[in-house]
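A.B. asks: As a plain string of letters, each chain reads:
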Amino acid sequence: MDTVFAQALINGLLLGGVYAAYSAGFSLIFGVMGVVNLAHGELIMLGAFTSYWLFDFFNLDPYLSAPFAMFFLFVFGYLVQKYIINQVIGQPHIMSYILTFGLHLMVANIAIKMWTQDFRSITTTYSGANAAIWGLNIPYARLVTFIVALFVTWALWFFLMRTETGRAIRATAQDKEVARLMGVDIRNIYAITFGLGAAITGLSGSVMSPFVIISPEMGLEYTIIAFCVVVLGGMGYMPGALVGGLVLGVAQSLAATYLNAGVSVAITFVILFIMLIIRPTGILGKGSVA
Amino acid sequence: MFLKSFRLVFVLLLIGLLSVGFAWGEQKKAWKIGVAVSLTGVFGKDGSLVKDAYTLWQETVNSHGGVNGASVEIIFYDDKSDPATTAKLTEQLIVSDKVDLLLGGFGSSQLFAASPVAEKYQYPLISGGASSNKLFDRGFKYYFSTLGKATEEVRGCVDIFTAVNPKPKTAAIVGADILFTSLACEGYKKYCESNGIEVIHHELFPMALQDYNSLLMKVKNKNPDILLVGSHLLVAMKTIKAMKEIDFNPKAVAFSYGPTVPKFVEDLKGDANYVIAASEWTPNMPYSGKVFGKASEFNQLYLKRFSRSPDYVEAAAAGGAVAQQIVIEELGLKPPLNKENRIKIMEALHKDKFETFYGKIEFGADGANEAHPPVAVQIQSGKLENVFPLEFAEAKILYPFKPWKER
Chain U
449 MDTVFAQALI NGLLLGGVYA AYSAGFSLIF GVMGVVNLAH GELIMLGAFT
499 SYWLFDFFNL DPYLSAPFAM FFLFVFGYLV QKYIINQVIG QPHIMSYILT
549 FGLHLMVANI AIKMWTQDFR SITTTYSGAN AAIWGLNIPY ARLVTFIVAL
599 FVTWALWFFL MRTETGRAIR ATAQDKEVAR LMGVDIRNIY AITFGLGAAI
649 TGLSGSVMSP FVIISPEMGL EYTIIAFCVV VLGGMGYMPG ALVGGLVLGV
699 AQSLAATYLN AGVSVAITFV ILFIMLIIRP TGILGKGSVA
Chain E
36 MFLKSFRLVF VLLLIGLLSV GFAWGEQKKA WKIGVAVSLT GVFGKDGSLV
86 KDAYTLWQET VNSHGGVNGA SVEIIFYDDK SDPATTAKLT EQLIVSDKVD
136 LLLGGFGSSQ LFAASPVAEK YQYPLISGGA SSNKLFDRGF KYYFSTLGKA
186 TEEVRGCVDI FTAVNPKPKT AAIVGADILF TSLACEGYKK YCESNGIEVI
236 HHELFPMALQ DYNSLLMKVK NKNPDILLVG SHLLVAMKTI KAMKEIDFNP
286 KAVAFSYGPT VPKFVEDLKG DANYVIAASE WTPNMPYSGK VFGKASEFNQ
336 LYLKRFSRSP DYVEAAAAGG AVAQQIVIEE LGLKPPLNKE NRIKIMEALH
386 KDKFETFYGK IEFGADGANE AHPPVAVQIQ SGKLENVFPL EFAEAKILYP
436 FKPWKER
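Sequence lines, in order, name chains U and E. Heads up: the first sequence runs through residues 449 to 738, numbered per the working numbering. Heads up: the second sequence runs through residues 36 to 442, numbered per the working numbering.
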């Protein structure tokens, strides 16, 4: 295997890890509530800004501020679901699109008013640090994000399979009427799910903050990629975000290396298009199509 | 009954107040100037710099009694970085708001959309934040730019390598695939050829590209002596982040736009050092003129008002406003302006030569500023230093670039 190919593969896997890390929450929220959260990118933005401000004011390392970002985003997500999105549950899907799109505009614009249009970046003593192993380059910050993606996928799986709340969430996802009859407080479960989705998304924003450029309007492009990743991996299938992320990351990296960067962006949408037509349940065929 | 008459009195009072206000407004007619500029979206940051520049000009002029005795009022509209919206808002400024004059916003695509509207209604439109060659190829009479053409703007970034030893032999050119940055890449190519530097990689990428690592890794594998980037602020910041992550160490890296914006150095800190950027103006240039005095005095005013130094685009924007002001003063015009007045202003802008803090401004027949030398700056120990042209240089260029792992 030549080094150019190996390097492209590594870049792709690391990029895929980043995609998976920020798409898991999107998949969770869709899987349980059927809500396509168009304000997903804003959750990443808020996570990244939490780290940015804690770094700026208190010189707190972004990895140490990640728990704060998770906590803050959990509370934010919980309240948003409880007081806003719950109002349209049970109504046609288009209502939740309109609502979350409105939320996307609102959060982004409030952020602009509060923090201005500036592009920001966190530069720590180790930012950009990388290992060179057998002539191959591995940036540490991306490696950490990759590991976070693996951990989040495992932790979510564990939580959903092995805990009482997880079981209630799965029951609600399968049949909310029956779950309600069994004594599950659906609205509370929805709020917890959205809070959880927001928390892991905030975590991803936080661990990505050392290597991305942060701005109030960064969200939308992340929402688009998260959507592609989740379609690839299977809508609503939790480990699907990891699979979808890695496939997309590797495809983009190989395209950028052997073709050109323009193709690498286009390929995302070509893959999305083909998948929606021939395999809407995702690569592993475990997603829901409803 | 009491309530009814109270209401009547209230309404009459309101009408009275409004008419007083109206009459007062009639007496003290101000200059109404319209600006459609990006305050949100991808150019939101760059556009808000242009807004700051015009705001400072307005405040400075008003504190000195206005232009020909009338104060200046600016209406800013946000085009959300969408060219179609820029065109729509420009029309709205002219037709509904009935502004006397316009000033240009930021971005070649935006001005490319706004200028046909200005041309149609015969409004002079001077911009300090757009320089794509295509803007000047349309035979327009009402469009002016205080910046040089995009392909010429990056000349300093390439010509400077004639002054280093050993001279670089190969270059890689990458840039975002939008009007201004792709032209900057053309300019790099042109001046690489004239300087005998071989271009071994040339690639444009979409603004939506999220991951720069794979692209730059490909460039790194070709091992060019220098990397030239057609960029805006966001592209420039992402490029530096990616270069460090993949440990890419060319002998020099230059950008068409971005590093001169203060946030670049503030947030990238030490990683911003050694970066070279195209510029058209720095505060140490020996220029002076009406309104703002010397280039250094303009800088002082900026520091006082915004707690930061201006970027060259801000100087260019304010320079354009000053040129328009000089013409109005020479023609002795007062608001409101009519069509004939605006035609006179357009003609005078083409004919006159202006000495300003921004340097000489001489608009050619196509509206481009022909009097301006391309400048290159380098970030040295966190400070922007003018390194080219050599006669204005504050510092000697640091070359080659210090590898990331040795910093």
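Simulated from the structure, these hints should not be mistaken for lab results. Built from N, CA and C at the ideal position, the CB exists for glycine as well. Certain hints may be false.
Below, simulated SDA-like cross-link-like pairs (lysine to any residue); rule was C-alpha separation at most 20 Å, straight line [what the hints assert, rightly or not]:
id	chain 1	residue 1	chain 2	residue 2
1	E	Lys115	U	Trp563
2	E	Lys298	U	Asn507
3	E	Lys86	U	Asp566
4	E	Lys257	U	Val452
5	E	Lys440	U	Ala577
6	E	Lys257	U	Asp509
7	U	Lys561	E	Lys440
8	E	Lys304	U	Asp509
9	E	Lys298	U	Leu591
10	U	Lys561	E	Lys304
11	E	Lys440	U	Asp566
12	E	Lys304	U	Asn578
Here are a few chain U residues that face chain E, going by a calculated C-beta distance under 10 Å [as the list claims (entries may be wrong)]:
id	residue
13	Leu463
14	Ser544
15	Gln622
16	Asp623
A.B. asks: Now tell me if each hint is right for this structure.
C.D. replies: Now the hints, each set against the structure:
Using a Cα cut-off of 20 Å, the hinted pair lysine 115 of chain E and tryptophan 563 of chain U holds, with the two alpha carbons roughly 17 Å apart. Pair hint lysine 298 of chain E plus asparagine 507 of chain U holds up; C-alpha atoms about 18 Å apart against a cutoff of 20 Å. Taking the CA atoms of lysine 86 of chain E and aspartate 566 of chain U, the gap is about 14 Å. The hint holds against a cut of 20 Å. This hinted pair checks out: lysine 257 of chain E and valine 452 of chain U have alpha carbons roughly 11 Å apart, not beyond 20 Å.
The suggested pairing of lysine 440 of chain E with alanine 577 of chain U holds, with an alpha-carbon distance near 8 Å, which does not exceed 20 Å. Between lysine 257 of chain E and aspartate 509 of chain U the CA atoms are separated by roughly 35 Å; this puts the pair beyond 20 Å, and the hint is violated. With a C-alpha separation of about 38 Å, the suggested pairing of lysine 561 of chain U with lysine 440 of chain E is violated against the 20 Å cut-off. At roughly 16 Å between alpha-carbon atoms, lysine 304 of chain E and aspartate 509 of chain U fall within 20 Å of each other, so this suggested pair holds.
Under the criterion of a C-alpha separation no larger than 20 Å, the hint pairing lysine 298 of chain E with leucine 591 of chain U is inconsistent with the structure, at around 27 Å. Proposed proximity of lysine 561 of chain U and lysine 304 of chain E is contradicted: the alpha carbons are some 25 Å apart, above 20 Å. Between the alpha carbons of lysine 440 of chain E and aspartate 566 of chain U the distance comes to roughly 28 Å, so the proposed pair goes past 20 Å and is violated. For the hint pairing lysine 304 of chain E with asparagine 578 of chain U, the CA-to-CA distance comes to about 18 Å; that is within 20 Å, so the pair holds.
Here the hint on leucine 463 of chain U is kept, as its CB sits about 5 Å from the closest CB of chain E, short of 10 Å. This hint is violated: serine 544 of chain U has a C-beta 25 Å from the nearest C-beta of chain E, more than the 10 Å allowed. A distance limit of 10 Å between C-beta atoms decides the matter here; for glutamine 622 of chain U the minimum to chain E is near 35 Å, and the interface restraint is violated. For the restraint placing aspartate 623 of chain U at the interface with chain E, the shortest Cβ-Cβ distance is roughly 38 Å, beyond the 10 Å limit, so the hint is violated.
The structure does not agree with the numbered hints 6, 7, 9, 10, 11, 14, 15 and 16 stated previously, though it agrees with the rest.
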